[in-house]
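Chemist: Now for the letters of each chain:
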Amino acid sequence: MNAADTAFILVCAALVMFMTPGLALFYAGMARAKNVLGTAMHSIVMLGVATVVWVVVGYTLAFGTDAGGLIGGLDYLFLSGVGMEPGGPTANLPHLLFMVFQCMFAVITPALITGAFAERIRFGPFVVFSVLWLVFVYSPMCHWVWGGGWMGAMGALDFAGGAVVHMSSGAAALAAALVLGRRRGFGTEPIVPHNLPMTLTGAAILWFGWFGFNAGSALAANGAAANAFVTTHVAAAAALIGWLVVEKLHHGRATTLGAASGAVAGLVAITPAAGFVTPMAALAIGLVGGAVCYGGVLLKNRFGYDDSLDVVGIHGVGGTWGALATGVFAVESVGGASGLLAGNPGQLWIQFLSVVATWAYCFTVSYVLFKVVDAVMGLRVSPEDELNGLDVSQHSEAGYQL
Amino acid sequence: MKKIEIITRPFKLDEVKAALTELGIQGMTVSDVRGFGRQRGHKEVYRGAEYQVDFVPKVKIEVVVADDMLAQALAAVQKAARTNQIGDGKIFVSTVDDVVRIRTGETGNEAI
Numbered sequence: 001m002n003a004a005d006t007a008f009i010l011v012c013a014a015l016v017m018f019m020t021p022g023l024a025l026f027y028a029g030m031a032r033a034k035n036v037l038g039t040a041m042h043s044i045v046m047l048g049v050a051t052v053v054w055v056v057v058g059y060t061l062a063f064g065t066d067a068g069g070l071i072g073g074l075d076y077l078f079l080s081g082v083g084m085e086p087g088g089p090t091a092n093l094p095h096l097l098f099m100v101f102q103c104m105f106a107v108i109t110p111a112l113i114t115g116a117f118a119e120r121i122r123f124g125p126f127v128v129f130s131v132l133w134l135v136f137v138y139s140p141m142c143h144w145v146w147g148g149g150w151m152g153a154m155g156a157l158d159f160a161g162g163a164v165v166h167m168s169s170g171a172a173a174l175a176a177a178l179v180l181g182r183r184r185g186f187g188t189e190p191i192v193p194h195n196l197p198m199t200l201t202g203a204a205i206l207w208f209g210w211f212g213f214n215a216g217s218a219l220a221a222n223g224a225a226a227n228a229f230v231t232t233h234v235a236a237a238a239a240l241i242g243w244l245v246v247e248k249l250h251h252g253r254a255t256t257l258g259a260a261s262g263a264v265a266g267l268v269a270i271t272p273a274a275g276f277v278t279p280m281a282a283l284a285i286g287l288v289g290g291a292v293c294y295g296g297v298l299l300k301n302r303f304g305y306d307d308s309l310d311v312v313g314i315h316g317v318g319g320t321w322g323a324l325a326t327g328v329f330a331v332e333s334v335g336g337a338s339g340l341l342a343g344n345p346g347q348l349w350i351q352f353l354s355v356v357a358t359w360a361y362c363f364t365v366s367y368v369l370f371k372v373v374d375a376v377m378g379l380r381v382s383p384e385d386e387l388n389g390l391d392v393s394q395h396s397e398a399g400y401q402l
Numbered sequence: 001m002k003k004i005e006i007i008t009r010p011f012k013l014d015e016v017k018a019a020l021t022e023l024g025i026q027g028m029t030v031s032d033v034r035g036f037g038r039q040r041g042h043k044e045v046y047r048g049a050e051y052q053v054d055f056v057p058k059v060k061i062e063v064v065v066a067d068d069m070l071a072q073a074l075a076a077v078q079k080a081a082r083t084n085q086i087g088d089g090k091i092f093v094s095t096v097d098d099v100v101r102i103r104t105g106e107t108g109n110e111a112i
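Chains A and B, in that order, are what the protein sequence lines are. The first sequence begins at 1 in our numbering and counts up one residue at a time. The second sequence begins at 1 in our numbering and counts up one residue at a time.
Hints should not be assumed to be uniformly reliable.
With a cut-off of at most 27 Å between alpha-carbon atoms, the simulated DSSO-like pairs for lysine-lysine come out as follows [as the list claims (entries may be wrong)]:
(1) B:17 to B:79
(2) B:79 to B:90
(3) A:34 to B:43
(4) B:43 to A:248
Simulated from the structure, these hints should not be mistaken for lab results.
Pulled out of the complex, with its shape left as it was, chain A reads as follows (with noise of 0.2 Å):
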């Protein structure tokens, strides 16, 4: 056990959880008036929801004892023989500090879809598809990519979750949004951010907890968490400018939104590869990043899907790009592992692989669990309850009192 890294990730831990308070702002600001509560409650409640399911059967299924690459066994179930000293993949941290580092990203991922059903979903039933999505899909992938599973053996590169959090996030939330279907009124009456401002702050803290996130993911106080932090920052600035470069030529005017949009683009981006890449490969990640999601984004309109809140476009073009950008960008002297650039074009194919993998499984996963939790309970709201808002139709509050 080694007391410095045991200190720092003890940090980490709790700059991965501010993130989901910052993603319920980010998302709430986002969303209408009448429906401010119900986005934030939809991040807000998976602190208490997926970190229940964690520490039950979540951390067991993905860090137990490998079955055949597939699934952990359940020997962590409710915990048992997770204790303070160091266990399950680190030798240098307490047991517990590891698995509760790793509850915070299972908090945080499922909090990302429910950009995609905003302003339309009961509670009731969004809770029930929760649960399953960890059990069914999170706990698996992390499994398969960080907890002994087929992906990371196959040499996958996921530094710190482009495919784990991000990839999946986004393809369950396609799944979504194509079950829901599209929210009254869209495509035909402005559905436009009802607090900016609020949105800003939500990025803001984004930014500051994917520090924790994505250099804790080193695991230990050393040059690799340093290198990740750097590069994790990097580039993030880089999508920033991206973003609003294209915006810019795009319609004439850069945004607030898309300085918070293009952020969280890069921070996406850099995810998997930032403790791979260098610096100033971070800097052409998140560059390139910050443009390709504003093209992810517009997917949407092209396609008629009604992806609220642009989780397709965001995280799962971004988590896919950064995928693949790992495999071109990896150089061994910062991670152990080279990519396309230094001359190792397996590892590019390895990472598409990956990308389909995740794609195709959690996509179709999850599209099969909005399904069954849509046929026993019904996700949609009424129409009336839609009109009124999800504020005082699922919770009975308003979140303004004017």
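Following the hints, position chain B against chain A.
Modeler: Same frame as chain A, but now just chain B:
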């Protein structure tokens, strides 16, 4: 007596108020309103998608004047509120039958 309803740009409120006060007009009522005329609202852009916002914020100033003040008041308001850009707004004039000052019971021009 005439009622003048001025619908114009919010940032012109102070100038219109000053112009009317200079004429000796002693009271007015102001409300924040939204609407459109030939200006047809404005465009907003969120994440690359354009939205037409039909109702733009305007301010409505209501003031009642004696008949012989009308021409001066209209001239003063136009001078104060005009920017020569589309969206300067409109003035509606109507006849008022009577006015009552609640405190004293005065009516007509005395009560304005």
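Chemist: Does each hint hold? Answer for all of them.
Modeler: Evaluated hints:
no.: 1; hint: B:17 to B:79; in the structure: 12 Å, holds
no.: 2; hint: B:79 to B:90; in the structure: 13 Å, holds
no.: 3; hint: A:34 to B:43; in the structure: 22 Å, holds
no.: 4; hint: B:43 to A:248; in the structure: 15 Å, holds
This entry satisfies every hint, going by the numbered hints stated previously.
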